[in-house]
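Asker: Protein chains in written order, with our numbering: chain A, 1 to 334; chain B, 1001 to 1343.
Honestly, I wouldn't trust all of these hints.
Between beta-carbon pairs, the in silico distance windows are [claimed, not checked]:
hint, chain 1, residue 1, chain 2, residue 2, range
1, A, Gln136, B, Gln1202, 58 to 66 Å
2, A, Tyr96, B, Thr1250, 23 to 31 Å
3, B, Ala1102, A, Tyr196, 56 to 64 Å
Partial pick of chain A residues on the chain B-facing surface, computed with a CB cut under 8 Å [as the list claims (entries may be wrong)]:
hint, residue
4, Leu78
5, His111
6, Ala143
7, Ala146
8, Pro149
9, Thr198
10, Pro200
11, Thr254
12, Val256
13, Ala260
14, Gly263
To be clear, the hints were calculated from the coordinates, so they are not data collected in a lab.
Being a predicted model, the structure only gives us computed values, none of them experimental.
Built from N, CA and C at the ideal position, the CB exists for glycine as well.
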Amino acid sequence: MSTKTQPATRTLNLVQAVNEALDLALEQDPRVLVFGEDVGRMGGVFRATDNLQAKHGEHRVFDTPLAESGIVGFGIGLALAGLRPVAEIQFAGFLYPALDQILSHLGRMRHRTRGRYSIPMVIRAPYGGGVHTPEQHADSPEAILAHVPGVKVVIPSSPERAKGLLLAAIEDPDPVFFLEAIKLYRSVKAEVPQGYYTLPLGKARVVREGQDASLFCYGGMVEVCLKAAEVAAREGVALEVVDLETLVPLDTQTIVESVAKTGRAVVVYEAMRTQGFGAEVAARLAEEAVDYLEAPVVRVAGWDAPYPPFSAVEHHYRPDARRVLEAVRHVLTY
Amino acid sequence: MEIIRFLDDNGKPLKDPPFEAEELIEGYKALRRARFFDEKALILQRQGKLGVFPPIRGQEAAQVGATLALRPTDWAVPSYRESGVALTHGLPLTHLILYWRAHPAGWRFPDEVRLLPFYIPIATQIPQAVGLAHAAQYHGEDWVVAVFIGDGGTSEGDFHEGLNFASVFNAPVLFVVQNNGWAISVPTSRQMKVPHVALRAQGYGIPGVVVDGNDLIAVWHTAREAAHRARNGEGPTLIEAMTYRIAPHTTSDDPKRYRDEKEAEAWLRKEPVKRMQNALKHLGLWDEERERALLEELEAEFQAALEEADRTPEPEPWEIVEHVYAERTPDLDRAWKALGGPA
């Protein structure tokens, strides 16, 4: 964005930013179709598609039968015929019935047709905990999705980023998973530029600069890490917070550059710890940044258990600033 | 359920075929061509010049008949066994040979052929075919989609999700189930308790028909009617073609382990190629001399395609990481270099 002509902005929360992006995409490109369960009249379980059917018509924004594999497969078919499907899955934890479509075709179609067909499809799904949802509604399956060749995985952490990244995802010629942290939907409000704009996929960004240790995070954990950095600052510790934003393709360069500066790394994610996406970040640091590291890379993550449906204790599962700061102390005093 | 037939087991017409003489001859040629490919492919496979390959022997009429009902603007969405569909819908023979050699040059079908690649996972193509068909409605165009599956595939969830989507969206789709009796070693009786897959259509509120899958004319006519209905906005049809997989599931499978070969022999007596040839003879449209000429033509075509396939250079290692994304990511760029890809 140009710094000379400041575009007009409005205060929006993340779900409103997503809604605005979908609205603009539908307006701009007649190939864009928005569909899923309850996205029409109801406007989505989180209201992300609110009013879109009324504005763009039932042929552009429509409800499907309740069948996730059907929804993803149907979207692949639409994309094969030159359309730009944007499917909503009500919760990322409901993506599992569609994993065969995702693994066998969504991510593989370009490769298995040697470039004849691409699937420029976006699958949006809310993910993560922190808002006391029922069982199976709080999963963070980003590492499962990141392990699928041929797809991209994008997780915004603010309304302004969500809008620009979603529009970029819809424009992208390859399939993109766009995971939206449920916790951030209404809790974070920010100034969002009016009109159509895109932000580049595949870039991590430093959201807070610091010299003492790097916190790598994304989505709902960015807020947690910024809070931890705030507390640490009061104790004179300067933490750098890096929002990975696009998990696939991953911006390794920004990650390595940050550790080259700080020498210490904590990776924060709310999925279960083992084989979570943070393990990939730690592995890359081991491969490419070992010379800069003053301490082992530490992961702060969910426990190796299903996300607890017991709301009284879920905050013990989901990483918080306290656990992040414990990890920071460990890497600083190692 | 009534089984639609135009020919008796020996190919004698039971009623006047609803096709012109020239059409019937062209239809037979397409059928014979599919059989010819199958015979040749089997020899190549045994010689080690083709990879593992799923033979179509016995199912040619179900595949070719349904595909003959399509226009070039219609889409065919095949399962892995559908060599007859691919050839009839315009896939060049060279591509088909290279495909089964797992050569990348064979995996990119020509742009003008509206054929999706063979689907290895079972029934996953069904919801996709419905999405493709819905796109025709969205564009306001009149092409239809024919999607092919075996009886085993109808046990998969995607089959049911796809039929339901097609029904709800009134999508212009032909679901062509080749009920060939077996899903590798498991008989149809272990796939379903209903006597016919076509009965499933009732549950989705769409028409379901059963056709003699070894009767080219019956399959062709039935599919043509269904395509006509779909084009007119009357929605999908489930067509169950009763046939038999005379050959093994693939060239690496031995059906003697699980089935009585007398069953296969019984079906061999009503196999579709001889049956259609007899039908043409009954109608005075075919004789041995024409058959000889056709086989010579097919031989020449096959040899030319095989030579072209043999001349195709081996793939390069870096082709492994081509076409993963529209643009190479930094990680794939590294892989590209590691595999010796040109700068």
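Asker: Does each hint fit the structure? Answer for all of them.
Answerer: Okay, the hints, checked on the actual structure:
no., hint, verdict
1, A/Gln136 <-> B/Gln1202: 58 to 66 Å, "violated, 33 Å"
2, A/Tyr96 <-> B/Thr1250: 23 to 31 Å, "holds, 30 Å"
3, B/Ala1102 <-> A/Tyr196: 56 to 64 Å, "violated, 44 Å"
4, Leu78, "holds, 4 Å"
5, His111, "holds, 5 Å"
6, Ala143, "violated, 16 Å"
7, Ala146, "violated, 12 Å"
8, Pro149, "holds, 6 Å"
9, Thr198, "violated, 16 Å"
10, Pro200, "violated, 12 Å"
11, Thr254, "violated, 11 Å"
12, Val256, "violated, 12 Å"
13, Ala260, "violated, 17 Å"
14, Gly263, "violated, 23 Å"
In this structure, the hints that do not hold are numbers 1, 3, 6, 7, 9, 10, 11, 12, 13, 14, in rising order.
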